[in-house]
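Letter by letter, the chains look like this.
There are 2 protein chains.
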Amino acid sequence: MAASDVKVLGMWSCPYVNRAQLALSIKSTEYEFIEENTLQKSDKLLKYNPVHKKIPVLIHGDKSVCESCIIVEYIADAFATGPRILPSDAYDRALARFWTAYIDDKWYPLVKVLRQSDDEEERKSLVQKLSEGLILLEEAFIGCSKGMAYFGGDSIGYLDIILGSCLAWLRVTEKVVGVELMDPTKAPQLAKWAERLCSDDRVKAVFPSIDRLMELHELIQAFLKSSK
Amino acid sequence: MAASDVKVLGMWSCPYVNRAQLALSIKSTEYEFIEENTLQKSDKLLKYNPVHKKIPVLIHGDKSVCESCIIVEYIADAFATGPRILPSDAYDRALARFWTAYIDDKWYPLVKVLRQSDDEEERKSLVQKLSEGLILLEEAFIGCSKGMAYFGGDSIGYLDIILGSCLAWLRVTEKVVGVELMDPTKAPQLAKWAERLCSDDRVKAVFPSIDRLMELHELIQAFLKSSK
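Just so you know, the sequences run in chain order A and B. Start counting at 1 in the first sequence, then tack on 19, and there's your number in the working numbering. Start counting at 1 in the second sequence, then tack on 19, and there's your number in the working numbering.
Derived from the structure by calculation, the hints contain no laboratory data. Ideal placement from N, C-alpha and C gives every residue a C-beta, glycine not left out. Careful: at least some of the hints might be erroneous.
Below are the DSS-like pairs computed for lysine-lysine, each with C-alpha atoms no more than 30 Å apart in a straight line [as the list claims (entries may be wrong)]:
#1 A:K194 <-> A:K148
#2 B:K143 <-> B:K247
#3 A:K143 <-> B:K72
#4 A:K73 <-> B:K205
#5 A:K73 <-> A:K60
#6 B:K148 <-> A:K205
#7 A:K165 <-> B:K73
#8 A:K131 <-> B:K165
#9 A:K73 <-> B:K247
#10 A:K26 <-> B:K73
Which residues of chain B face chain A? A partial, calculated answer using Cβ under 10 Å [what the hints assert, rightly or not]:
#11 K66
#12 Y67
#13 I90
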């Protein structure tokens, strides 16, 4: 597939955008990355995602797909090259979608709240909730991976992309709060999985650097303080 | 498939439960319906949906699937009988999932808020937002149906089930507020689609009666008032 046929509108620092990038990388599909600016939305973004006006957007020929999970499912479906991304079994697919919804609706949003909170009590409560969620995700990993290296079995699959994309900001949050959120004493399998995933060359090429994210976090905090 | 192999934990009045029921009906799959009580969750519900403890739950043999959209996708995937529920084309599937997320995250939640609101200004604003959403959904219908009778083409498909399940409470809300929400002057194709869908025998067998829902709505309002 020629690079000009596939475009991703996104920001380097956005985990949801990283999902689209990693899925395309797994499918060995070249693409053009168009950096967006959330403070000043481009005409392209407004044209291709008129309903939500949000990144990521995948442009494939004259079609566009929005929302990160839907984009990853589309890439899994539409690009025949490379390994399969979604499990081959219907029940395993349902499980992958269930945990995706849990991560996106319940678990991962707490990471951002924790990172931006300066209330000690709130932080404690959030760390506790994230820890309870981590134990659920450890069980999910054991159930989905069936003793293999990834949620997707012996290769990086749907849930690896979904949860994996959360790891960079999770690391930043650990530094900010001074707490190990991906705690190997509570979730030993998941901690090993995270290390394994992040040492994959395709993942390394896509996921943002922790140092750059840390700088961005400090900018965001300064901005939030100044607008209070 | 024997009835004992497939069970739905739900409530007759819940649109998300109705989705599972309609999908099973389209797949000509018999099932046992187990009525739950949200005020007193059953041991079965806690066992089969320990994470969210919510209906609907589909039990298939010794496996359980939770969350209505995931259940409908699972039924579409796992039951070979009957017409296909998801579009055969990858982009059309992405579109169906996009509009599903729009309906569930943005549009349909406003219907409940409107029904339970007694603030005239808030009601006006909600009716306006629902109307803007309806126009988007009219465009979605025209795009997805490609001139045929349903979102899914010539037979009831995924988005028909998702949006269709919202129609009964939409009708109740219209009565409560005295406003035509599925307004044929604003969304003529969608208004015709709604009539067509609701005259289908499988839909009639599953969707709750407006009168019973109306009684339930009045009970809920009395309960909400008494606990203020």
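Hints and how they fare:
Distance hint between K194 (chain A) and K148 (chain A) is fulfilled; the C-alpha atoms sit about 18 Å from each other, no more than 30 Å. For the suggested pair K143 (chain B) and K247 (chain B), the alpha carbons sit about 23 Å apart, so the restraint of at most 30 Å is met. With a C-alpha separation of about 25 Å, the suggested pair K143 (chain A) and K72 (chain B) falls inside the 30 Å cut-off, and the hint holds. At roughly 27 Å between alpha-carbon atoms, K73 (chain A) and K205 (chain B) fall within 30 Å of each other, so this suggested pair holds.
For the suggested pair K73 (chain A) and K60 (chain A), the alpha carbons sit about 9 Å apart, so the restraint of at most 30 Å is met. This hinted pair does not check out: K148 (chain B) and K205 (chain A) have alpha carbons roughly 45 Å apart, beyond 30 Å. Distance restraint check for K165 (chain A) and K73 (chain B): the Cα-Cα separation of roughly 27 Å lies within the 30 Å cut-off, and the hinted pair is therefore satisfied. Among the hinted pairs, K131 (chain A) with K165 (chain B) is inconsistent with the structure: their alpha-carbon atoms are about 41 Å apart, more than 30 Å.
Proximity of K73 (chain A) to K247 (chain B) is assessed by CA-CA distance (about 38 Å); at most 30 Å being required, the pair is judged violated. Using a Cα cut-off of 30 Å, the hinted pair K26 (chain A) and K73 (chain B) is violated, with the two alpha carbons roughly 39 Å apart. The restraint placing K66 (chain B) at the interface with chain A is violated, with a minimum CB-CB distance near 15 Å, outside the 10 Å limit. Annotation: interface hint on Y67 (chain B) violated; nearest CB of chain A at approximately 12 Å, more than 10 Å.
Interface hint status for I90 (chain B): upheld, as the beta-carbon distance to the closest one in chain A is roughly 8 Å, under 10 Å.
When held up to the earlier numbered hints, the structure conflicts with 6, 8, 9, 10, 11 and 12 and fits the remainder.
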